[in-house]
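Residues per chain are reported as follows:
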Amino acid sequence: NAGVTQTPKFQVLKTGQSMTLQCAQDMNHNSMYWYRQDPGMGLRLIYYSASEGTTDKGEVPNGYNVSRLNKREFSLRLESAAPSQTSVYFCASSEDAAYSGREYFGPGTRLLVL
Amino acid sequence: GNSVTQMEGPVTLSEEAFLTINCTYTATGYPSLFWYVQYPGEGLQLLLKATKADDKGSNKGFEATYRKETTSFHLEKGSVQVSDSAVYFCALVDRLGSGSARQLTFGSGTQLTVLP
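Chains as they are written, first to last, in my numbering: chain A, 1 to 114; chain B, 1 to 116.
The hints are simulated quantities; they were obtained by calculation from the structure and are not laboratory data.
Even for Gly, the Cβ is constructed at its ideal location relative to N, Cα and C.
Watch out, some of these pointers could steer you wrong.
[As the list claims (entries may be wrong)] Some residues of chain B that are not near chain A, with every Cβ distance over 10 angstroms (derived):
1) M7
2) S32
3) G43
4) Q45
5) K49
6) D55
7) E63
8) G78
9) S85
10) Q103
11) S108
[Claimed, not checked] Example chain B residues on the side facing chain A (calculated, C-beta under 10 angstroms, incomplete):
12) Y30
13) L44
14) L104
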């Protein structure tokens, strides 16, 4: 079991460039999440997918789009990167049959936008 | 809305010292409370949780008690080790949208460094 995997691990973009962050889980979880982590601010939810085929906005969705490609995969896209999107991005998943608060996190993608 | 406030770090301790990381919350209902830990270069992982008042969560020598009267969930460990060096996040479960899905609301995190 790999758990939650994310690619790439690190990326440098120029302002205005686009990219997609990939996330996959092999635990057959229904729900998946994208967070960003900024110094002194903890983790903030960007988007989530409660089940395959559904996605919803979280606390800070502006500038991002997501796709729940299938039950395993949930991608995050930056269409036109801005320096304010420099952050560490975490993907997470949970079983959500009866949400327990236990989310399983990937190792993160460190993004630098110049 | 609901929120979580953690003591600011960083916290630096010597090995075998006693640890307390304060966490208080604001919530309209009776949330479940969590401590997550992030080791260097890794994602977060659940350390312990408590789902109702007076519950005590414990794991790996860490403990936290859900105190409804003080809306607190302070993390404690009697004797820290170098391997406990990490960032600790307090969190609560909030409701997500209008459905049954849930969302974790995190505090800002507290960096702990344990020196040998």
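query = Any Cβ of chain A at or closer than 10 angstroms to S85 (chain B), or is the non-interface label fine?
reply = holds (18 angstroms)
key: Beyond 10 angstroms from each Cβ of chain A, as asserted for D55 (chain B)   = Holds, because the least Cβ-Cβ distance between D55 (chain B) and chain A comes to about 13 angstroms, which exceeds 10 angstroms.
Distance rule for G43 (chain B), whose beta carbon must clear each one in chain A by more than 10 angstroms = violated (3 angstroms)
key: Nearest-CB test (10 angstroms) between chain A and Q45 (chain B)   = Contrary to the label, Q45 (chain B) does not stay out of reach of chain A, its closest Cβ about 7 angstroms off (not over 10 angstroms).
Distance rule for Q103 (chain B), whose beta carbon must clear each one in chain A by more than 10 angstroms = Given a closest Cβ separation of 6 angstroms, the condition is violated.
task = So, Y30 (chain B) near chain A? Judge it on the closest CB pair being under 10 angstroms.
result = violated (13 angstroms)
request  = Beyond 10 angstroms from every chain A Cβ: check whether that's true for K49 (chain B).
outcome  = It is violated; K49 (chain B) is separated from chain A by about 6 angstroms at its closest Cβ, not greater than 10 angstroms.
message = Please check whether L104 (chain B) passes as an interface residue: C-beta within 10 angstroms of a C-beta belonging to chain A.
response = This hint holds: L104 (chain B) lies near chain A, its Cβ roughly 6 angstroms from the closest one there, short of 10 angstroms.
request  = Run the C-beta distances from M7 (chain B) to all of chain A and say if the shortest one exceeds 10 angstroms.
outcome  = Fine: 13 angstroms to the nearest Cβ keeps M7 (chain B) off the interface.
task = Over 10 angstroms to the closest beta carbon of chain A is the bar; see if S108 (chain B) clears it.
result = Violated, since 4 angstroms does not exceed 10 angstroms.
ask   = For E63 (chain B), which was marked as not at the interface, is the minimum beta-carbon distance to chain A over 10 angstroms?
value = holds (18 angstroms)
key: Interface-negative label, S32 (chain B) against chain A, beta-carbon threshold 10 angstroms   = Incorrect as stated: the minimum Cβ-Cβ distance to chain A is 5 angstroms, not above 10 angstroms.
Checked against the numbered hints above, the structure breaks hints 2, 3, 4, 5, 10, 11 and 12 and satisfies the rest.
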